[in-house]
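S.K.: Sequence:
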Amino acid sequence: MKTPGDSGFRYALNRRGGTHALLLRLVPPASHVLDVGCASGYLGELLAAQHCTVVGIEVDGGAARTARSSGAYLAVHEIDLDDATGELPSGPFDVILCGDVLEHLRDPELALGRLVQLVATTGQIIVSLPNVAHVSLRLQLLAGRFQYTERGILDRTHLHLYTYRSARALVERAGLRVEYQLAGSNNFGNVLSFGPRPMRLLQGLLAYNIVLVTRPMSKDNHKGRVHADH
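Its first residue numbered 1, the sequence shown is counted upward by one per residue in my numbering.
These are calculated hints, taken from the structure and not from any lab test.
Any given hint could be a false lead.
[Claimed, not checked] Quick list of simulated restraints, FRET-style, between CB atoms:
| no. | residue 1 | residue 2 | range |
| --- | --- | --- | --- |
| 1 | H51 | N186 | 24 to 32 angstroms |
| 2 | G144 | R165 | 34 to 42 angstroms |
| 3 | R16 | E78 | 32 to 40 angstroms |
| 4 | G144 | N14 | 26 to 34 angstroms |
| 5 | N187 | A75 | 19 to 27 angstroms |
| 6 | G61 | P198 | 42 to 50 angstroms |
| 7 | G86 | A30 | 38 to 46 angstroms |
Please read these numbers as outputs of a predicted model, since none were measured by experiment.
Just so it is clear, CB atoms sit at the ideal spot from N, CA and C, and this is done for glycine as well.
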């Protein structure tokens, strides 16, 4: 994913179901949002245009400064989510966005479990993760190839790889229940997420990003069980 600090950056929102367009669609206007891994703030600017109040978390100091300079954020905190002793922003938040960030962490379950404590009782945590079961990677494996790249699903900075099944397991172990299972894809996202059931059944094959809309489980219901559709 390129950020505005990268050479050759050109950012355009893909309304056919690209992941960022889907995340924006899922956040109600005027929400209090925590943008986790906010990078240089491009998503925060779009959220602010929806009259949201936005707080950011970003580990990279340069990106955090760029996000602050956008004026879209109430605050941007430089926090390493792999440091379990680091202080997180004060909640509660109506929506916590974890857009393509958990796969970069050493212990995503621990980090997500801490974020659960910041969401409002009726709030949502929306998680986006790259789908390692995408058809393009299946074809590579059939050809005997599995090669990390500078960007994309096999970004060399990814410490964890996810399918829909393992993504659901991750969020449920962190104390969340999945309300909606959606798909980010520049070409097929809208139909995979909101189309007829036969198309939605192809999410595991055609989704570039796994998108899960979740809410905190009640303490009585948090048994760490895994429910999988794929």
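S.K.: Confirm or reject each hint.
M.R.: Verification of the hints:
Against the hinted window of 24 to 32 angstroms, the Cβ-Cβ separation of H51 and N186 comes to about 27 angstroms, which satisfies the hint. At roughly 24 angstroms, the beta-carbon separation of G144 and R165 lies outside the given 34 to 42 angstroms, and the hint is violated. At about 34 angstroms, the CB distance of R16 to E78 agrees with the hint of 32 to 40 angstroms. Checked against the hint of 26 to 34 angstroms, the C-beta distance between G144 and N14 comes to roughly 32 angstroms, which is consistent with it.
Separated by about 36 angstroms at the C-beta atoms, N187 and A75 break the suggested range of 19 to 27 angstroms. Take G61 and P198: their Cβ atoms lie about 47 angstroms apart, and the range 42 to 50 angstroms holds. Between G86 and A30 the beta carbons are some 29 angstroms apart, a value that contradicts the proposed interval 38 to 46 angstroms.
In the structure shown, a violation is registered for the earlier hints numbered 2, 5, 7, in ascending order.
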